[in-house]
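Novice: Spelled out, the chains give:
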Amino acid sequence: MRSAIGALAAVVLSGCVAQPVKTDMSAFQAAAPRSILIVPMVNKSLDVDAPNYVLTTVPVPLAEKGYYVFPVNTTKMVLEQEGFYEADRVHSQPPATLAKLFDADAVLYVTINRWDAKYVVIATQVTVEFEYHMFSRDGTKIWSEVKHMQWQPDNNSSGSPLAQLLTTLVSAAIARAAPNYMPLAQQANRQVFVIGPNAIPDGPYRAALNQKAR
Amino acid sequence: MYDWGQYEPMLYAGYKDPTKMEAMRIGLETHIAELEGKKQKVPPGLYAELGTLYLQAGSSDKAIAMYTNERNTWPESKGLMDAMTRNLEKRRQAMAEVKQ
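In order, the protein sequences belong to chains H and A. According to this note's numbering, the first sequence is numbered sequentially starting from 266. According to this note's numbering, the second sequence is numbered sequentially starting from 7.
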């Protein structure tokens with residue numbers, strides 16, 4: 266975990282630089298959800314493991330934002346018991362049906378558009394793109410966002426050019442064998458839920474905490 | 007806001023290699039006991055996740071106890087936790103009847 270964070274600090278992060286449009290939060294505020302159900306992710310990437318890995322990164326930032334977040338692994342088990350083994354089938358269910366099944370105030374659907382690594386000259390470039398849609402229990406869409414992120418090793422360190430080239434080749438080979446997507450996935454969720462221009466409003470537990478601090 | 011312990015890396019490890027789910031069960035047990043000892047609130051979902059790991063390991067009594075803890079700590083989970091507990095109790099009753 267610590268090495269993953271270190272790796273993230275050592276690379277150049279580049280998100281979307283286009284000036285995002287601030288979305289209207291009135292539907293979200295009207296629904297005022299206390300609890301959020303995160304259903305398994307639909308996967309459009311070629312990596313079959315991506316949905317489970319991404320699923321692990323979503324609950325913590327959302328709960329820290331002040332919502333009750335339904336336990337994702339338990340949710341998966343319940344859905345499978347109901348016969349939903351495929352995320353595509355879950356996503357095709359109306360939000361109201363899922364909200365009712367779990368008694369949730371809101372349902373979050375995440376699609377993995379990209380989760381890939383490309384070997385570019387001497388560095389490996391890792392790209393993730395997630396799409397998020399949240400619905401209230403009556404089926405109204407209350408929030409959505411798309412996040413595209415990319416990283417590649419930073420080549421600007423000192424040292425002899427040959428040594429530098431060797432280091433880069435070695436780190437690229439490692440990254441190619443097991444590209445480390447997780448810090449990027451965590452960063453994407455943090456930006457989307459917490460620090461981005463369309464971050465969701467604070468949930469009831471955080472609001473209560475803020476009130477106490479005052 | 008909460009102390010999650012190793013929840014996220016443990017779940018990741020468990021999805022990567024399902025034999026690691028047992029390590030997650032032990033890790034969650036230890037972490038929850040620590041939080042309870044310090045009178046700190048257990049983060050949303052952790053009791054239930056531990057309950058589900060108990061259930062998958064075949065101990066439905068322990069699962070019911072954890073689902074009850076989740077419901078008592080987080081009222082938003084009441085609907086789901088009650089439904090799961092009811093199902094487990096029904097199943098237990100049916101099995102007891104078969105045995106008789």
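Careful: at least some of the hints might be erroneous.
Now the stretches of chain A that chain H is said to cover, found in silico as 3 or more residues with beta-carbon under 8 angstroms [to be verified]:
| no. | stretch |
| --- | --- |
| 1 | 62 to 69 |
| 2 | 73 to 86 |
DEER-style ranges, computed between Cβ atoms [unchecked claim]:
| no. | chain 1 | residue 1 | chain 2 | residue 2 | range |
| --- | --- | --- | --- | --- | --- |
| 3 | H | L474 | A | Q62 | 45 to 53 angstroms |
| 4 | H | N475 | A | M101 | 46 to 54 angstroms |
| 5 | H | K406 | A | G85 | 17 to 25 angstroms |
| 6 | H | K365 | A | A102 | 41 to 49 angstroms |
| 7 | A | D9 | H | P359 | 21 to 29 angstroms |
| 8 | A | A29 | H | D403 | 37 to 45 angstroms |
| 9 | H | P466 | A | K96 | 21 to 29 angstroms |
| 10 | H | A297 | A | M101 | 18 to 26 angstroms |
To be clear, the hints were calculated from the coordinates, so they are not data collected in a lab. Quick caveat, the model's predicted, so the values are computed rather than measured. Glycine included, each C-beta is placed from N, C-alpha and C at the ideal position.
Novice: All hints are to be evaluated individually against the structure, with a verdict given for each.
Specialist: Going down the list of hints, with the structure as the test:
1. Remark: the stretch 62 to 69 of chain A is not confirmed as covered by chain H, as 1 of its residues place a Cβ nearer than 8 angstroms to a Cβ of that chain, below the required three.
2. Check on the stretch 73 to 86 of chain A: 7 of its residues sit with their Cβ under 8 angstroms from a Cβ of chain H, so the three-residue criterion for coverage holds.
3. Distance hint check for L474(H) and Q62(A): the Cβ-Cβ separation is about 34 angstroms, which falls outside the suggested range of 45 to 53 angstroms.
4. At roughly 49 angstroms, the beta-carbon separation of N475(H) and M101(A) lies within the given 46 to 54 angstroms, and the hint holds.
5. A hinted range of 17 to 25 angstroms for the beta carbons of K406(H) and G85(A) is consistent with their spacing of about 23 angstroms.
6. Distance hint for K365(H) and A102(A): a CB-CB separation of about 31 angstroms, inconsistent with the stated range 41 to 49 angstroms.
7. As the Cβ distance of D9(A) to P359(H) is approximately 36 angstroms, the hint placing it in 21 to 29 angstroms is violated.
8. Restraint check, A29(A) to D403(H): a C-beta distance of roughly 41 angstroms satisfies the suggested window 37 to 45 angstroms.
9. The supplied range of 21 to 29 angstroms is broken by P466(H) and K96(A), whose beta-carbon atoms lie about 40 angstroms from each other.
10. Checked against the hint of 18 to 26 angstroms, the C-beta distance between A297(H) and M101(A) comes to roughly 42 angstroms, which is inconsistent with it.
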